[in-house]
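Enquirer: Dock chain to chain to rebuild the complex, using the hints, since each chain is given by itself in its own frame.
What follows is each chain in one-letter form.
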Amino acid sequence: MGPLIPNGLIPVEWNYVIAILIGMAFGYILEASGFSSSRKLAGVFYGYDFVVLKVFFTSAVVSVIGLYYLDYLNFLDISQLYVQPTYLWAAIIGGMIMGVGFLAGGFCPGTSFCGAAIGKIDAIVFIIGLTIGIFVFAEAFTFLEPLFNSSNLGHITMVDILDISPYWFILIFTIIAIGSFVFSDWVRSKVKKVFY
Amino acid sequence: MSKRYKTKKFIVKREYQILAFILVFIAAGLVLLPKYKKNEGIMPELFVKNAISSERYISTDQLADKIINQDPSVLLIDMRSEKEFNEFSLPNAINIPLKNLLDDDYIGYIDQDIYDVILFSNDSFYADQAWMLGNRLGFKNLYVLKGGLNEWFNTIINPKYPDETMPREAFKLYDFRKAAGIYFGVGAPKTEKKAAPTKKVITVKKKKKRAAEGGC
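Residue numbers (the numbering used here), protein chains in the order written: chain P, 24 to 219; chain E, 14 to 229.
The set of hints was computed from the structure by calculation and includes no laboratory data.
There's no promise every hint is true.
Okay, derived cross-link-like pairs now, SDA-like style, lysine to any residue, Cα gap no bigger than 25 Å in a straight line [said to hold, decoys possible]:
hint : chain 1 : residue 1 : chain 2 : residue 2
1    : E       : Lys50     : P       : Val182
2    : E       : Lys50     : P       : Ile179
3    : E       : Lys51     : E       : Asp117
4    : E       : Lys51     : P       : Asp94
5    : P       : Lys77     : E       : Gly42
6    : E       : Lys50     : P       : Ile184
7    : P       : Lys213    : E       : Ile31
8    : P       : Lys216    : E       : Tyr29
9    : E       : Lys153    : E       : Ile170
10   : E       : Lys26     : P       : Asp94
11   : E       : Lys153    : P       : Ser188
12   : P       : Lys77     : E       : Lys51
13   : E       : Lys96     : E       : Lys112
14   : E       : Lys51     : P       : Asn30
15   : E       : Lys48     : P       : Ser188
16   : P       : Lys143    : P       : Gly156
17   : P       : Lys77     : E       : Leu32
18   : E       : Lys51     : P       : Lys143
19   : E       : Lys62     : P       : Asn30
20   : E       : Lys51     : P       : Gly156
21   : E       : Lys48     : P       : Asn97
22   : E       : Lys48     : P       : Val87
Far from chain E by the CB rule (all over 12 Å, computed), these chain P residues [to be verified]:
hint : residue
23   : Pro29
24   : Ile43
25   : Ala48
26   : Ile88
27   : Ala163
28   : Thr197
29   : Lys215
Here a beta-carbon is modelled for each residue, glycine too, at the ideal position from N, C-alpha and C.
Okay, chain E solo, but in the shape it has when bound (with noise of 0.2 Å):
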């Protein structure tokens, strides 16, 4: 019997046994291979992708116009130190300190799709860091106010009269702002109390009654 003869015999004959084996080696093989920890969250191209997008920042201006119209679908969520928040922030606005970002008591506020997240802080940086965290786990609807309350500031309380170059969209914008401004409390016109006119008193001096002299 030549050797080749041979192996085929071994093979057709011990057919279910090599079968068995290669089943039970393959399934022995997810256990050996080395374990490594998986991606929690989003792929990251997808991360990188939604990270370079301009659409996950909110202009002041865009956030202004949301809350003077009341938009109902907006959460304002301040990443500032309890300190700083209860010193200024946006009205309405809850407080959830970056650190505490994932903790159980918070989690359930950037954790949904039902509201438009709005994330800021004093600049964009905090917030930049708790929307990379979020987005990274897959959270939705997140969104950074541009600029932060810096921004906020610089535009919605004090904006700043354009040039007189500018085109008219700029005097537009500085309308909204001007007006904006004033919804949230500050920049009204200055009302000049005009003083009331005094009326200039004049004194008529009567003419003391003169002791009837005699006439003709």
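Chain P with its partners taken away, still in its complex shape (with noise of 0.2 Å):
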């Protein structure tokens, strides 16, 4: 939990307390949003409801912002943070079959679970094809761990990529996002609009 349980403000064992309430914080945002529903999701591939992308570049951006402000005042070391690896060909095609799954099922595994917890039929026989999909995985991943391992560009972040400033970088995609925004709002006028 950030920086208060490395410098010992709080015990240790506050990180599942912290967890659990984060997790529940996090269930009852995506219910209230109407985000346990299959069609808000699969609303975003028929193009009748974006809320979805723009919830998550919402906050993608928001945090960058935020992140870059506290950096900027010293608050805390960009540098400092972890940067999930890149493994590029694993990536593309575990994105694309996640994607698959996302526009079949409707459920992304979050809400799978939250739409769950409401009792929704379709999201509990999602979360068994999710779990036998894991199984499979797992049986599978001696001749899946070429793929799985292969391609690894390392911490690397698009700044590096592009060897841009940051600021900037981020100020693009700010733009992008609001772009993004503007062009999901001129397809749903364009699309039949599905009431549920």
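Expert: As structure tokens, this is what we get:
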């Protein structure tokens, strides 16, 4: 839990308590904003509802701006943040499989549990499928391992690849985000409305 | 319509435009803010705390003890120039002149956390400077030999005999230093070579045989 536990401000045992509280808050927000309905996610693909895109794009933009302001004010050190390593081909193929799963099931793993919690049968079926997928992946891991570990590009970010100032990148990224919102609204206005 | 109603209507109607504008404005703020050079390495507060701590020093006695016990975790680094290093130094020391401290060839010796790096020079002056550079960059396990080689000479090589009124510890320390000095090859007690006692040669003159004289 961020700077509190490593600095000894609160004991380590609080990790789980805080994780549960954050998880409950996250689930509540997901359900309250309607993400527990599979039509919400499917709406992005059919073009009648872009809330998912807007929410996740906005959260990414807001958090990156906030992090860089904190870094500017010396409250945190961006270079100390952990960057997930990039496995290029594994990420592309995994992303495609996950995208098909999103489209077919109408849930992402998080929202499926959210939907199951309010008793949606399709969400429960989705979770069963998800578990089977995990099992198959685990059993086939020996065959998948070369792909899983290949094309490791290390802890890279877009700023490293494009070699531009992160501040400019954030500004461009923000404008792209807003452009995509405008575009998605335009698409939505062209598509037949779905009420659910 | 009142003016207040108009503003409200404007805000409600253009809600998303206003929010989008705020977002772009804040992002542009990052680009437009004046840039300043960030501190490299550890925070200044921590640096000062480290600098005034006496734990960054190691005394000559402690070092002598470590060397004699062949402590494998010690890495001695001589900060003096190469010429001075070639004249004399501590056993197994590595020479990194102060001006080359952060060179690529040498930085591996001080930027690591396996050994306890002990920096020394003639006094603690160069070593202190090197310590400050290293500590500021966040290198771990750096120590300075307090007093440097001069102190080493005064304590280990040429210890002073304590006064009669000094406590027993002072004598113990003296004994340790004397013994350490012997380990490092100086001040071995002079064994006076006693000349083998010369045997006095008593020459016994043999009496000449007298020619037998006629007896009775």
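Enquirer: Within 25 Å, alpha carbon to alpha carbon, are Lys48 (chain E) and Val87 (chain P)?
Expert: holds, 18 Å
Enquirer: Is it the case that Lys215 (chain P) keeps its Cβ farther than 12 Å from each residue Cβ in chain E?
Expert: At about 22 Å from chain E, Lys215 (chain P) clears the 12 Å cut-off, so the statement holds.
Enquirer: Given the proposed pairing of Lys51 (chain E) with Asp94 (chain P), does the C-alpha separation stay at or below 25 Å?
Expert: At roughly 10 Å apart (the allowed maximum being 25 Å), Asp94 (chain P) and Lys51 (chain E) satisfy the hint.
Enquirer: Hey, does Ala48 (chain P) actually stay past 12 Å from chain E on C-beta?
Expert: holds, 23 Å
Enquirer: For a C-alpha distance cap of 25 Å, please report whether Lys48 (chain E) and Ser188 (chain P) respect it.
Expert: holds, 11 Å
Enquirer: Beyond 12 Å from chain E, beta-carbon-wise, is Ala163 (chain P)?
Expert: holds, 41 Å
Enquirer: For the pair we were handed, Lys77 (chain P) and Lys51 (chain E), check the Cα-Cα distance against 25 Å.
Expert: violated, 34 Å
Enquirer: Could you check that no beta carbon of chain E comes within 12 Å of the beta carbon of Thr197 (chain P)?
Expert: violated, 4 Å
Enquirer: Take a quick look at whether Lys77 (chain P) and Gly42 (chain E) sit within 25 Å of each other, Cα to Cα.
Expert: Cα-Cα ~22 Å, so holds.
Enquirer: With the threshold set at 25 Å, check whether the alpha-carbon distance from Lys143 (chain P) to Gly156 (chain P) stays at or below it.
Expert: Holds, at roughly 20 Å.
Enquirer: Regarding the pair Lys77 (chain P) and Leu32 (chain E), is the alpha-carbon distance no greater than 25 Å?
Expert: Between Lys77 (chain P) and Leu32 (chain E) the Cα gap is close to 13 Å, so the pair holds against 25 Å.
Enquirer: If I take the minimum Cβ distance from Pro29 (chain P) to any residue of chain E, is it greater than 12 Å?
Expert: holds, 15 Å
The structure shown violates the earlier hints numbered 9, 10, 11, 12, 18, 20, 26, 28.
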